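Single-letter residue listing:
There are 2 protein chains.
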Amino acid sequence: MNREYPSAALERAVGEFAKLPGIGRKTALRLVLHMLSKPDEEVSTFGRVFSTLKQDIKYCKVCHNISDTDTCAICANPKRDSSTLCVVENVQDVLAVESTMQFNGLYHVLGGVISPMDGVGPQDLQIASLVDRVAAGGINEVILALSPTMEGDTTNFFISRKLQQFGVKLSVIARGVAVGNNLEYADEVSLGRSIQDRTPLK
Amino acid sequence: MNREYPSAALERAVGEFAKLPGIGRKTALRLVLHMLSKPDEEVSTFGRVFSTLKQDIKYCKVCHNISDTDTCAICANPKRDSSTLCVVENVQDVLAVESTMQFNGLYHVLGGVISPMDGVGPQDLQIASLVDRVAAGGINEVILALSPTMEGDTTNFFISRKLQQFGVKLSVIARGVAVGNNLEYADEVSLGRSIQDRTPLK
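Protein chains in written order, with the numbering used here: chain A, 37 to 238; chain B, 37 to 238.
Honestly, I wouldn't trust all of these hints.
Since the list can't tell identical chains apart, any single copy or any two copies may satisfy a pair.
When the alpha-carbon atoms are kept at most 20 Å apart in a straight line, the in silico PhoX-like pairs for lysine-lysine are as follows [to be verified]:
1) K74 with K90
2) K74 with K94
3) K74 with K55
4) K115 with K62
5) K205 with K90
6) K62 with K97
7) K90 with K198
8) K62 with K198
9) K115 with K74
Simulated from the structure, these hints should not be mistaken for laboratory data. If you're wondering where the values come from, they're calculated on a predicted model, not measured in any experiment.
Put together the whole structure using the sequences plus the hints.
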């Protein structure tokens, strides 16, 4: 036998799981064997959900967040402040910002950050539509809430250059020492930023 | 919104992944978003493989291991010693024993161990077919290679009671200190067993 498993069907299922990030072949085999111990109906439902996943998932035509409707629940909510936009990388970041309950504006989901290493340029992201949204007027502030990485900073810079002509207020989320962390465990860069960006005591 | 995600399709896909052992909702969301970044064809292939998984996977009618053919490659191999059976819990254990290259007999895959806590009784396992195989004759030794747990021991005991009438040699894989481990790090039970089951120096 020049393959690892005693069955091509098993091989194929393990291979599919092992394509996912963070899942190796051992874990994949464990997952497939777990599925085999489940009722037929449950396993075929699992399969069906993913066979149509890409067709089932829709994106909000305003903010590009995942949504079941043309306009997502956040964009359609009249109680939210439509003059403030928070620019994030992906759906998880929308959920993260929402969970803070500190933001009542609307979002703009870029779908990633500029990363020449991964072949992601500005044209692969929802930057043109962000510029269009701001150009249409009614927006006072754009908060850039991208990851504090080199790619995030590059994207911040690129977006700020594109938006400066519209005279909207641009801000970047604060970087500094995480709340609840001892200073001695903070990395120097974050601690340095937290000193530079110190805020007056209220 | 009383659900966690902005879309029912997303919710459903995340829910399916999160049913798998060791995958929480955060990991599940990460996996689904990863899939959304892949081409349509790749994602629908993933789905198709699992929608027919239970129908595609066949079991060897002799040893009950996963197989593409009626009789698996191991059972069908004339070079293997058909007088020795190794009783294991599942496919992974067959792969584990095979990888040692220390066993040239045939297998019998139980499909689990007796575990009253999980509602698994002897009738849920391939024990009756094991008894039939031994009763049919031609088998000299049955090696029980189940996990060294309470459930494994219970299953060993149950099987040994069922097989004793046939006068075959019954053995259990050795338990002791793992090869390459320092004695000081071995747990007391394993170390105790390794003293009880000491073997003469060759």
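At most 20 Å between alpha carbons: which applies to K74 and K94, within, between, both or neither?
Between copies only: 15 Å across, 30 Å inside.
Is it within, between, both or neither when you check K62 against K198 at 20 Å Cα-Cα?
Classified as neither: same-chain Cα gap 47 Å, cross-chain 34 Å, threshold 20 Å.
If the cut is 20 Å between Cα atoms, do K74 and K90 qualify within a copy, between copies, both or neither?
Classified as between; 9 Å across copies, 25 Å inside a copy.
Is it within, between, both or neither when you check K74 against K55 at 20 Å Cα-Cα?
between (22 Å within a copy, 11 Å between copies)
Checking K115 and K62: alpha-carbon separation at most 20 Å within a copy, between copies, both or neither?
So K115 and K62 fail the 20 Å test inside a copy (49 Å) and across (29 Å) alike.
Checking an output row: K205 and K90, CA cutoff 20 Å. Within, between, both or neither?
neither (36 Å within a copy, 57 Å between copies)
For the identical chains here, do K115 and K74 meet the 20 Å Cα criterion within one copy, between copies, both, or neither?
Classified as neither; 45 Å inside a copy, 35 Å across copies.
Identical-chain pair category, K62 with K97, by Cα at 20 Å
neither (40 Å within a copy, 25 Å between copies)
Is it within a copy, between copies, both, or neither that the alpha carbon of K90 lies no farther than 20 Å from that of K198?
Answer is neither; intra-copy 31 Å and inter-copy 53 Å both fail.
When each numbered hint is compared with the structure, violations occur for hints 4, 5, 6, 7, 8, 9.
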